[in-house]
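Colleague: Each chain, letter by letter, is given below.
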Amino acid sequence: MEKLQKDLMETRFNCVYYNAFYVSAMKSKLAKVVVAVVVFLGLNQPGWGALTPAQIQALPPAATHPVDFKTEIKPIFEASCIRCHGRGRDKGGLQIDSLETLLKGGDSGPSVVAGQATNSYLLAMVAGVLPDDIMPKKGKKLTPEQCGILRAWIDQGLKWDPSVGFGPVEPLNLAERLPAIPHGKNEDNPVDRFMDAYFQQHHIKPGRPVADRVYARRAYLDTIGLLPSPQELRAFEHSSKSGKREALVQALLSRNDAYAENWLSFWNDLLRNDYKGTGYIDGGRKQITHWLYSALLTNMPYDQFVAELINPTDDSAGFTKGIVWRGVVNASQKPEMQAAQNISQVFMGINLKCASCHDSFINDWQLSDSYGLANIYSDKPLEIFECDKPTGKMAATKFLFPQLGEIEATTNKAVRLRELATLVTCPKDGRLPRTIVNRLWARFMGRGLIEPVDDMQQTAWNQDLLDWLADDLVAHHYDLKVTIARILTSKAYQLAPVDSGSQPRENYVFAGPEVRRMSAEEFRDALATLTGIGYSNPDAEIGATETAKRQFGQKKSGQWIWNNPKAADLAPAGHIYLRKTVHLPVVPGEATALVVCDNGFELFVNGHKAGSGTDFPKPSLIDMKPWLKKGDNVVAIHAINNLPNNTVPPIGKPISGSDNPAGLYVYARVRATRGDSETVMDFVSDQGWIVTDNLIDGWEKPEFRPSGWRPANPLGGLSMAPWRLPSSLVATQFARQYSAGHPGLVRAALVAADPLMTALGRPNRDQVVTTRASEATTLQALELTNGKTVAEVLKRGAAQLAEENAGSKKLIDSIFEQAIGRKPTRKEMKLAYEIIGPKPQKAGVEDFLWATSMLPEFQLIY
Amino acid sequence: MKLKRTNWNRRDFLKTASAATLSALAAGYSRPIFAADSAEVKAKATADTVIVLWMAGGMAHTETFDPKRYAPFSKGMPAKDMLSTFPQIDTAVDHIKFSQGLEKTAAVMDRGTLIRSYTAGDLGFILHSRHQFQWHTGYAPPQTVACPHIGSFIARTLGPKNPAMPAFIDIGQRFDLGEGEELKSFHTAGFLGSENGPFIISEPAEAAASVRPPGGMSPARFQNREKFYKSLVADSPIGLHGSDFQKESLLRSMDNADRLLSSPAAKAFDLSLEPKPSYDIYNTGRFGLGCLLARRLTEAGARFIEVTSEYIPFVNFDTHENGHTRMAALKQTIDAPIAQLVLDLEQRGLLDRTLIVLASEFSRDALVEGKPDKPVAGQVAQPDRVDDLKYYGMHRHFTDAGSVLLFGGGIKRGHLHGLTSEEQPCKTIKDRVIIEDLHASIYRAVGISPKLSYDIEKRPFYVTRDGSGVPITDLFA
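Here the protein sequences come in this chain order: P and X.
Each number in this note's numbering comes from the position in the first sequence (counting from 1) with 14 added on.
Each number in this note's numbering comes from the position in the second sequence (counting from 1) with 181 added on.
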């Protein structure tokens, strides 16, 4: 009785064929009882009755051949029956896990009778001869051919292949497992021991490793996303050190800035993070850029990385916050549901998208699973919606793999999130490391150990290798660089490249890494390396990179100053005037002042107004060089503390009752370079400045003699309250200015997508993207052939190269070596020389650059 | 080693290749799951080309194709009296009237059908780009997959008409403006892959540049560059590795690009080749020139073209104020080009096989935001009494009615479908049309089943939402 009620209340929807009669009719308790009684009376009979002669006549004829269970019956069951009657589900009480349960039948009695097809309820239902009882309830009905096969199978005695079952499926790739490393050839890298076993099994004799230059180009791109320079290539090739390839990989992986910039794109795709995109208007989306870059820069262990995304701080919350569009949104796309879908896809290779609207048709996940996970992120328990219609049922919090543990049923969301993070990242969870290890393998080899990489409920083509790599990652404290090194130093990775089009999807056999295509960012950066023309202004807010800190970091410690020791708390609105005499031993080659003033300022150098700023807290960068000389210089600043309503106060006496925070911060970067040596003449705001609040004509001029001025009051360091500016501000601002003057230094990963990168496959990160399509398209080719971006880059690059005038042959050699890692052949040199001319001229160089960067050898990773 | 050239004629290829081959070669692209009746539906196609004329920003139906009681401006007039701020005019069809300012389009009404009963989705607090996304993909964002634009579905399913031309061309929208990111999110082939994505021409007057050598490069130099490139490729030692899929696909794509730039079809992009008298008729602004470009591209064999009046928040049809004044100007920019497009195609014998669809994401009303029975949060101030021309017009976002004009491509001639109320709010009262069915009708015209789906991550993704679109047979001759 209860089962019938349960079935009736669990009416579900097929998204293709909408069912107009649904559960709301069942909401009334009385209605439930009435219907249940009616059905009970109607169906609770021994057996199901029998077919009339007319109905038997209407049955499709039986197939006339001996039916093979595995190839003929199994597919029918899988396509049309197990959704409701398999994998632990038992609609109508019927489970078809095995012959036993099939024979047992369900609430209406036995479903089949061996040898008696015309007496088998199951056949009658799928053949559609019982108007009120047609199976399957959802999806395509069985064809007459399929019915005929079933009919014959029943009459032939229900032969069942004992190796086949439709019961609940164990999750694959979940339990920890450490396979023993096979014996065999003396390979240093365990990856190759596992691959040797594989090759033997498949009768493959692997070829020799690729040449140094080919290897180096791959390794550079795969670790830091940049091409090796000709010098680096030559040095690597000529080195006779043993283990040089391993050493190269380690050296590349320790280039932290470049590593972070490269992998930023990979993780931006996976974590659906971007600097521009849908949802930012209306505040419906949040970046995790700063957190992510930092995590990559410091090589944050992967378990901590995942934990901080699942149970986020403010900085990392953007991933699980999702993308919220203005207005009313489909229930399956509520932020909590997005979080559940994204976490399970990215970290565990589970597709909960289908199961967010209804029980999934493509895997065994159910609506209650996606809601159970989403519930963890919800402030209040979620009501379950099926196909965007409310069911009246509330979700029960649950974790996808009860084998690993449970989430406490607490109203405290912080506790739930912490527990979820712990569960997903615990060592018992073998799914987490396998998923990431598989993604890395796919990235470097062109195809994963499991494909698609987002479906980890599959067996790998080398399961031992997958399991071992996963265990290895965990054993090394989830250090992804260890896994990267394992793969990149394996002989398997060093094999000659394989044509990706030559492999069938089914029955894949690994014969080497596939030929891959450079990503949009790799291509753009390679073009920048080749031409010197890249980007100048990053869109990513990542603070100062290590390189920038080294190059532009502070050499002196500045402080906020004012004419009042308590100015950081309160100072009257008004105008103050400051001076400093700066002694420069030599004429500076560059002199830039970074000034931040609460609220506004004017800067004078030797009496000349050099700049001003009113945009507090935006720092101003002011060029002082035109007016500085060797010897003594006078730097003067007129600083203004606005009224509380943020307007400029009149000049004159300070206004009482107008107190609000005031402060001036200056960092002047003054350098002279000769050859390799640099003279640092930086100066800062500190007590070495003198100040007055009395405006006297000519106060800013060098010849003015200040009288009665007092030393300025230092208030505290840059990051003090109330301003709390980042300590990396100085380095970041100077680095930014420098790269603006030297375009090409900012990597493509740090800027928002432009039409060129979009055309080359940089995705719109509205959804999680785990693999980019790499096939070349006509629109891409059009963008490359005559698009403005490429044309501009080539033009400017060619102009520079032509100007350098290194000689045509030298130019051709160096471009080729930089672009594709080898010298041109005689024929190539001849062709290039023709187009460039004996003395490199701009148009020829442009066209040569274009053709070179369109070469498969350039764009592809061989 | 000589370069192996494979002649990839896309349509032949699609016709003959098995799904497995398609999959393998497409390296993971979605496979079509054809509805059982697809072959049958294909045979009934009445159009080979689709042109969408997109009135971006919410085109008020009562000020254009569905005029109501006219109330001229008088200081202090009640806002609820504003149904139409223009008088009616006759059209070539007796029982259909338009709003003043659309005389030329009125004269060609007998070449098509007017739907007055289009109603937009109920998406809550209104964001233009969200409704535009739903109009163009059939699905309301956010979605779990990157949704393809209807143009991409058509490009992918039917392939290009002229293999040298991009199958899907989008004219007139710039993306570095407000809601640009949201616009980008549906100007895409999504999971179908960028081979089927829109070829974007933001400035119709500069269209020729997009199919010419890069700025400042003479045709001779361009050809020389191409020749040099081909020679380099042919002599590349990489050839020793043998041919491979990535290389083939790269070279093929470069061939396609070169072919377009060298083909006669490229001339179609050059508006300066249009005879001046004709050019002048279309030249009412960027939209008008876009219509001219669309006509030329249709003649050259494009498959799907969209010309937009351009969505810029609060500009063009997005009239949050001064509705009347702005509509007067807008109608001037759209009237002559729309009519001329219809007449030109008819004169060239192309109208019968070209489906033109003029539409907008929703309509406007003086008072109601959303639908009368499902109002949504207000965004527009509208005083009860109209004291200033600023408040004279249709300013609120109204989703319960909308006009869609259809010409050519097997559509009934001189026909009216649907009815809206004569009283405020002028909502749909008969034969409601929803986006699923409008799309189904467009698909039916070109011979695609509304239940056609493409496989993405094992999910069948239908060209109309969940396969629920039903073509409106009343629209077809």
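Honestly, the hints are just simulated from the structure, not real lab data.
Be a bit skeptical, because a hint or two may be false.
Derived pair list, reagent style PhoX-like, types lysine-lysine, alpha-carbon separation capped at 25 Å [what the hints assert, rightly or not]:
id, chain 1, residue 1, chain 2, residue 2
1, X, LYS448, P, LYS856
2, P, LYS412, P, LYS442
3, P, LYS802, X, LYS448
4, P, LYS802, P, LYS824
5, X, LYS411, P, LYS844
6, P, LYS841, X, LYS408
7, X, LYS448, P, LYS824
8, P, LYS823, X, LYS411
Some chain X residues flagged as far from chain P (calculated, every beta-carbon gap over 10 Å) [to be verified]:
id, residue
9, LYS256
10, ASP275
11, LYS342
12, LEU413
13, ARG433
14, SER453
15, TYR460
16, VAL557
17, VAL561
18, LYS571
19, HIS596
20, ARG613
From the structure, some residues in chain P lie toward chain X, with a derived Cβ separation under 8 Å [claimed, not checked]:
id, residue
21, LEU144
22, GLU322
23, ASN344
24, GLN355
25, GLY515
26, ARG531
27, MET843
28, LEU845
Just so it is clear, CB atoms sit at the ideal spot from N, CA and C, and this is done for glycine as well.
Colleague: For every hint, state whether the structure bears it out.
Modeller: Consistency of the hints with the structure:
no.: 1; hint: X:LYS448 <-> P:LYS856; verdict: 29 Å, violated
no.: 2; hint: P:LYS412 <-> P:LYS442; verdict: 18 Å, holds
no.: 3; hint: P:LYS802 <-> X:LYS448; verdict: 20 Å, holds
no.: 4; hint: P:LYS802 <-> P:LYS824; verdict: 28 Å, violated
no.: 5; hint: X:LYS411 <-> P:LYS844; verdict: 14 Å, holds
no.: 6; hint: P:LYS841 <-> X:LYS408; verdict: 14 Å, holds
no.: 7; hint: X:LYS448 <-> P:LYS824; verdict: 41 Å, violated
no.: 8; hint: P:LYS823 <-> X:LYS411; verdict: 21 Å, holds
no.: 9; hint: LYS256; verdict: 35 Å, holds
no.: 10; hint: ASP275; verdict: 40 Å, holds
no.: 11; hint: LYS342; verdict: 15 Å, holds
no.: 12; hint: LEU413; verdict: 6 Å, violated
no.: 13; hint: ARG433; verdict: 7 Å, violated
no.: 14; hint: SER453; verdict: 18 Å, holds
no.: 15; hint: TYR460; verdict: 24 Å, holds
no.: 16; hint: VAL557; verdict: 8 Å, violated
no.: 17; hint: VAL561; verdict: 15 Å, holds
no.: 18; hint: LYS571; verdict: 25 Å, holds
no.: 19; hint: HIS596; verdict: 29 Å, holds
no.: 20; hint: ARG613; verdict: 17 Å, holds
no.: 21; hint: LEU144; verdict: 24 Å, violated
no.: 22; hint: GLU322; verdict: 24 Å, violated
no.: 23; hint: ASN344; verdict: 7 Å, holds
no.: 24; hint: GLN355; verdict: 6 Å, holds
no.: 25; hint: GLY515; verdict: 3 Å, holds
no.: 26; hint: ARG531; verdict: 6 Å, holds
no.: 27; hint: MET843; verdict: 11 Å, violated
no.: 28; hint: LEU845; verdict: 5 Å, holds
The structure shown violates the earlier hints numbered 1, 4, 7, 12, 13, 16, 21, 22 and 27.
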